[in-house]
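A.B. asks: One-letter residues, chain by chain:
Protein chains: 2
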Amino acid sequence: MIEYRNLRVALLGAGSVGSQTARLLLEHADELASRVGAKLELAGIAVRNTSAKRDVELPAELYTTDAEALITSSDIVIELMGGIEPAKSYIIQALTSGADVITANKALLAEHGDELFEIADQVGAQLYYEASVAAAIPILRPLRESLAGDRINRVMGIVNGSTNYILDRMDRFGDSAEDAAAVALELGFLEADPTLDVEGYDAAQKVTILASLAFHTSVPVASVHREGIASVTLEQVRAAREAGYVIKLLAIAERLADPDTGVESISARVYPALISRQHPLATVHEGKNAVFVEAEAAGSLMFYGAGAGGVETASAVLGDLVSAARRHVAGGPGVAQKAHASLPIVPVGSIETRYQFTLEVADEPGVLATVATVLASHRVSVETVIQTASTDTEASGTATLVIGTHTAREASLSATVTELANLGVVTAVKSVLRIEGI
Amino acid sequence: MIEYRNLRVALLGAGSVGSQTARLLLEHADELASRVGAKLELAGIAVRNTSAKRDVELPAELYTTDAEALITSSDIVIELMGGIEPAKSYIIQALTSGADVITANKALLAEHGDELFEIADQVGAQLYYEASVAAAIPILRPLRESLAGDRINRVMGIVNGSTNYILDRMDRFGDSAEDAAAVALELGFLEADPTLDVEGYDAAQKVTILASLAFHTSVPVASVHREGIASVTLEQVRAAREAGYVIKLLAIAERLADPDTGVESISARVYPALISRQHPLATVHEGKNAVFVEAEAAGSLMFYGAGAGGVETASAVLGDLVSAARRHVAGGPGVAQKAHASLPIVPVGSIETRYQFTLEVADEPGVLATVATVLASHRVSVETVIQTASTDTEASGTATLVIGTHTAREASLSATVTELANLGVVTAVKSVLRIEGI
Ligand SMILES: NC(=O)c1ccc[n+]([C@@H]2O[C@H](COP(=O)([O-])OP(=O)(O)OC[C@H]3O[C@@H](n4cnc5c(N)ncnc54)[C@H](OP(=O)(O)O)[C@@H]3O)[C@@H](O)[C@H]2O)c1
Ligand SMILES: NC(=O)c1ccc[n+]([C@@H]2O[C@H](COP(=O)([O-])OP(=O)(O)OC[C@H]3O[C@@H](n4cnc5c(N)ncnc54)[C@H](OP(=O)(O)O)[C@@H]3O)[C@@H](O)[C@H]2O)c1
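As they're listed, the protein sequences go chains A and B.
Going by the numbering used here, the first sequence opens with residue 1, and the numbers climb by one from there.
Going by the numbering used here, the second sequence opens with residue 1001, and the numbers climb by one from there.
Watch out, some of these pointers could steer you wrong.
[Unchecked claim] In silico contact screen, one side only, chain B against chain A (beta carbon under 8 Å); selected entries:
no., residue
1, L1032
2, I1137
3, P1138
4, P1142
5, T1283
6, S1300
7, G1319
8, V1348
9, E1352
For the record, the hints were derived by calculation from the structure and aren't laboratory data.
Glycine is no exception: its CB is placed at the ideal position from the N, C-alpha and C atoms.
Could you put together the complete structure from these sequences and hints?
C.D. replies: What follows is the structure, encoded as structure tokens:
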């Protein structure tokens, strides 16, 4: 049945993802061959240390430190080393030597994706990267292919498992941020250096990739507005729960249209926000990921699953491998990654959103009127107000005002908050959170 | 930028889906051309009545009753007429005249898919059908491509919006089955003849398509075990809610392995079952659809969205159209649809599942022991038992036993129920439901 010559597959890296990819490639060799119509031969695995002890046992003769020799003698190269260099040089070498490349390297794609896609395009090779966003969840292929005839208006996702784990523990078990982070670290949901996750860098890299695909526009990671979860307190999480919300770190890529001119632009941003407990994203617990997509014709779609993990990520890598290998066998188009639309990217101040802010105010007549006047002067309209006398003994004589706004420009909302903070009657701005989802 | 010749697209049918497909095709012409690298020209729309008044206004000169002339002069044919004939003959004509075909016709695919894929394969044409299952939700492409390197073990979906709407109203608003169906009918969630939906035929057609793809095996619709929702009562729905479950009509395709020999087989079935309210499928409300997939490496994935609607379904049709058109422009593999594995399909008696049954029993000593002995004799092990004195005045002197079992063979479970029903101390078997999901 198999007529095509064997395809040589080079693997760069044998860490969490690489070792599982190699294992599955060897264990499922027959099934993969029948999917592809050719045998996939694991030609070698480039690592730094060929004699390191590894969790997954693989044939010792596969390991090599000579990545370049492996790359130039392979049909398909899978890059699972991570980091910018030498990953970038290796990928360029693979593409220019005519190999198709598969990578899970979101950091590299977010920084240098345009350059790499350009090179791939020039030489007629393909660069596959499904595993780079939300690991096992098929999200890039559906965006690129299934929704290719639709217009995507919004992509909103929980794309970082570590921060979702922390926020979910705070919400469901009442852990403090520190306790939740300690558990996340212990269970391997958080890296020893948590900065990339907690500060939202990882999510920003992913939203760069999602926005570029969804809007056919090159979105530099520097253009992504980024806020992490470091400032989210247990008090905010509790108050959100009481009000029927949950706080999630959201990565949002959105198409905007000027109401007067119709001119389109896009926004890409990452921040913790309130979403209703009725929203499908609210049920994404622990380290899971989910991406919510709104398209003009398809309406709302959600894609849910494991957003990390060696074997889970390897599933997405192998899906790309089968696509790449089928292309070798049958020839054909592969992945078109052209930034046709090239929409402008707007700063966060230009987006429209809703706010919820919690103020500690003097418990005296006229305070609400003063606050309301400030809101009105910025054309921010109020949806809900809840005023409660403070139970805090240190803050006796004060009351708490929780104000939920209607949709307004982010710039107006943030100016409103600044002005409110300077009012004499406002003793403290205790919390400011955006509200996302309907 | 566009170098390739225009591609001629024939549309068969201008009903709910067809008219929206035509509209989007015309309105998004420029964007589609830039996705594809060629202009897509709507060559004509075949209907029965060219002068019918239609909701969506389209250029009158596009309508024709001469479907055959349209088909044989087109590069890509989109079949959105529905029904078996003449849809089947038209699709065969299109394929044999070298056109690629896109269809949303689940009834036709479930009955004659094998024959159509065989013909497509022989002539080297492609048959795309993403819209046939769960409308707007990209599910077939992810199964076929993204998970091509993984092993799918289970696909469990809510794939019929009408029945989900009815069950959801019963659960959330306490409507009786009749009232819920009346609302569904009024709001267009249910057809005038509800049999296809309510009796599970529509879901059975879809599980046929899902199982064939997931397991690379031809699954005749006649081999699908099918139970509809006609027998589900409000009382059952209420009791389920109290116990932390919700009743959903589930379409399940599952890979089974003989514990002794390891020989694999598959089961495809449709029935109303209890799932935990913690399960992601439990939050699928109204007419929405969702498909839950369990794969060896990827773990659990869920795909959620609109499972019906003209414009939503048109989104999936256009996604297929872009794939088909790209293939024309660049040449290439398209969709491989080969039943390589051809696993045997087992009857429902061979599957393993859990049961919850509710018995009305005589309120006297020793009854529980009698019941437990019957269970043990069938090797069915009990997970939970709740006994309550009956509050029903007609049934005074009786008690209600709600028994949840551990996993056991379906055949043993159903034999157990039959034997229990014949026990003197059991006055009535009030409810028997399977429990799915963990
Ligand atoms: N882990 C996840 O859950 C996950 C999820 C999605 C995406 N990703 C992405 O997948 C990629 C791999 O992640 P990972 O977690 O598998 O990484 P990892 O466990 O740190 O493994 C990295 C591997 O690359 C090898 N390597 C590093 N530098 C090298 C060099 N200069 N030359 C040769 N080999 C080199 C290492 O070799 P030695 O073993 O000899 O040191 C190691 O085997 C990253 O881009 C990551 O962002 C990971
Ligand atoms: N509606 C949904 O939400 C949905 C979702 C998923 C899949 N689907 C599938 O999509 C397909 C189309 O569904 P639909 O709801 O759009 O159907 P529909 O509203 O009943 O429209 C059928 C169209 O086909 C035309 N037609 C029927 N028989 C014909 C014949 N012999 N020759 C020429 N034209 C003929 C009709 O022409 P006239 O207008 O002149 O009568 C009509 O325009 C079906 O296979 C359905 O199962 C539908």
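A.B. asks: Confirm or reject each hint.
C.D. replies: Tested hints:
Annotation: interface hint on B/L1032 holds; nearest CB of chain A at approximately 6 Å, less than 8 Å. Given the 8 Å rule on beta carbons, the hint for B/I1137 holds: about 6 Å separates it from the nearest Cβ of chain A. With a cut of 8 Å, the hint placing B/P1138 at the interface with chain A holds, because the nearest CB-to-CB distance is about 3 Å. Taken as an interface hint, B/P1142 checks out: its beta carbon lies about 4 Å from the nearest beta carbon of chain A, inside 8 Å.
Nearest Cβ of chain A to the Cβ of B/T1283: about 5 Å, under the 8 Å cut. The hint holds. Given the 8 Å rule on beta carbons, the hint for B/S1300 holds: about 6 Å separates it from the nearest Cβ of chain A. Satisfaction of the interface hint for B/G1319 is found here, the shortest Cβ-Cβ separation to chain A being roughly 4 Å, below the 8 Å cut-off. Look at B/V1348: its Cβ only gets to about 27 Å from chain A, farther than 8 Å, so that hint breaks.
Proximity of B/E1352 to chain A is violated relative to the hint, the smallest CB-CB distance being about 24 Å (cut-off 8 Å).
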